[in-house]
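Participant: Residue numbers (our numbering): 105 to 691.
A hint or two may mislead.
[As the list claims (entries may be wrong)] Think about it this way: if two alpha-carbon atoms lie no more than 35 Å apart in a straight line, the pair counts; the simulated DSBU-like pairs of lysine-lysine are:
hint, residue 1, residue 2
1, Lys328, Lys589
2, Lys154, Lys466
3, Lys674, Lys462
4, Lys654, Lys674
Please keep in mind that the hints were generated in silico from the structure rather than gathered at the bench.
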Amino acid sequence: MPQVAFPKLLSSQIAFDIARTILDGFDKHYRLFRATTQLAKQRFEKADWKAAQEDARERIAYYDRRAKECVQILEDEYDKEDLTDEVWREVKLHYMGLLIDHLRPELAETFFNTVCTKLLHRTYFHNDFIFVRPATATDYIEREDTPATYRVYYPAADGLSFSLKRIVTNFQLQTPFAHLDADIAKVEARLLEQFGDARFEPNHQLQVLASLFFRNKAAYIIGKSINGNQEMPFVIPIIHNKNRELILDTILFENIHITVLFSFTRAYFMVDMDVPSAYVQFIRSILPRKPRSEIYTMLGLQKHGKNLFYRDFLHHLKYSSDMIEAAPGIRGLVMLVFALPSFPYVFKLIKDSFPPPKETTKALIKEKYQLVKNHDRVGRLADTLEYSDVAFPRARFSEDLLAEIRRYAPSILEVSDDEVIIKHLYIERRMTPLNIWLTEAEQKGDDAAMEHAIVEYGNAIKELVGANIFPGDMLYKNFGVTRHKRVVFYDYDEIETIVDCNFRNIPQPRNEEDEMSAEPWYPIAKNDVFPEQFGTFLLGNAKVKQYFMKHHADLLTAQYWQERKDRIVKGKVDDVFPYPQSIRFVN
């Protein structure tokens with residue numbers, strides 16, 4: 105890669121004006137992003153779940169709207185012949201100067217990349233012109249005039265119970281608590297149990313992020329206890345009871361519970377942040393294995409998360425040598441899926457055409473993936489990162505894999521001597537396909553693993569139903585098992601909303617001719633669904649059937665699905681707990 109040619113003097117007024125326009129576009133975006141995020145507290149206090157869901161969907165769209173606005177302004181304002189390579193180099197340098205003392209420079213750099221990649225050819229996508237590497241450090245960028253990222257409490261001086269109550273009341277929620285003192289006592293008891301016989305050191309303190317984390321129907325207090333050299337993270341969920349009063353539902357300590365709460369299968373938190381990088385740094389201190397890219401994404405800053413992910417991917421390519429290969433599992437009719445074995449993600453390409461019985465289009469499949477992006481994923485839908493013009497090293501592709509892509513998706517493939525360019529793809533976290541998991545568990549004679557997987561499979565479907573999602577194709581191959589043994593849906597080409605489906609019982613045959621007919625004798629509309637038919641495709645294995653009928657037989661009845669649909673139509677929003685029921689205080 106060529107070295108950046110720094111001009112001796114930044115003399116281009118056009119370059120400065122372009123840089124200023126782009127930064128103004130980003131600042132407008134974050135101002136609107138933050139205004140919507142700040143509404144989350146009010147929505148939670150009023151239990152206005154529908155408005156909260158709409159805010160979350162709307163906020164996702166803000167970034168692309170502002171980027172498009174910025175591109176349109178620049179295209180209208182400047183002639184292409186005036187935008188020479190030297191001008192574009194100066195644009196980046198001016199922009200770097202404007203980010204001095206900016207509280208969100210890393211996000212602003214990503215916005216710059218988004219705008220410039222829409223204006224420049226792919227050959228300009230290197231560090232001379234865009235931020236392939238970050239140019240601004242985010243360590244210690246908080247200023248004296250910005251609110252503190254976290255608050256500190258000292259139980260040794262004030263008492264643990266008093267400190268915990270201050271932690272909760274400092275958030276100034278306007279909805280009354282049902283029995284705060286009793287809930288605080290339960291939190292205190294569990295904390296003391298965790299501390300065990302540990303002696304409290306002089307530095308013993310509780311650090312708590314200054315903003316609540318809102319998602320679904322809960323608000324979360326995020327903090328950690330520091331005692332000597334020991335740090336213990338904790339999360340306290342606040343929810344509404346049936347009387348619209350607030351309660352502390354539990355306290356989470358275990359790494360698996362906190363990791364699942366912040367997993368890639370959940371929609372983005374609403375968090376009011378002056379300095380996002382400081383929040384990321386705090387969360388990394390309690391989840392050190394969580395990549396920064398995933399933390400930014402979890403905070404609703406998915407574009408920067410996507411940018412960081414791509415940097416991580418390029419770094420991994422540089423320091424690995426394994427070959428890209430077809431992902432394990434049954435080949436799909438709609439997608440080509442390949443993977444780099446040493447990298448925990450898969451790459452999914454939409455085929456150019458689809459054989460029967462698929463009746464869909466590439467545009468419709470993209471709409472389905474966008475539906476999932478904008479939807480509440482309730483821990484059961486894998487997040488996807490969508491990219492354009494991704495360059496892979498040519499040497500990492502076998503001829504067989506390239507031939508397969510040429511056969512099924514030639515319109516999105518470019519191959520040179522050095523590179524393979526995929527013009528459009530999705531990237532998802534790699535999971536073990538559920539059908540493979542079940543087969544391997546049966547081969548090992550591990551009945552407990554089989555039962556767990558089927559329980560999780562049914563729970564995943566039921567939680568998706570509560571979030572107004574019908575998977576469409578419910579075959580096990582379309583579900584994956586995460587490293588935490590949770591079952592997640594990841595194949596979206598037939599996904600529908602529950603309210604758009606018509607759940608029916610199969611009519612009784614009118615006569616023997618109907619009963620013997622190979623074709624249905626009754627009319628079937630496009631969105632008709634017959635749940636009693638699910639068993640034909642799902643329950644061929646005797647043990648699978650045994651566990652399914654034990655735990656989830658209701659999924660085979662139209663009544664179950666219709667009742668859930670009726671709840672959604674009436675505006676009911678289900679509770680979804682991203683932690684086990686067994687650790688809730690109600691138990």
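Participant: All the hints need checking, so say for each whether the structure fits it.
Facilitator: Structure-based check of all given hints:
{"no.": "1", "hint": "Lys328 <-> Lys589", "in the structure": "holds, 26 Å"}
{"no.": "2", "hint": "Lys154 <-> Lys466", "in the structure": "holds, 31 Å"}
{"no.": "3", "hint": "Lys674 <-> Lys462", "in the structure": "holds, 33 Å"}
{"no.": "4", "hint": "Lys654 <-> Lys674", "in the structure": "holds, 30 Å"}
Violated hints: none; the structure is consistent with every hint.
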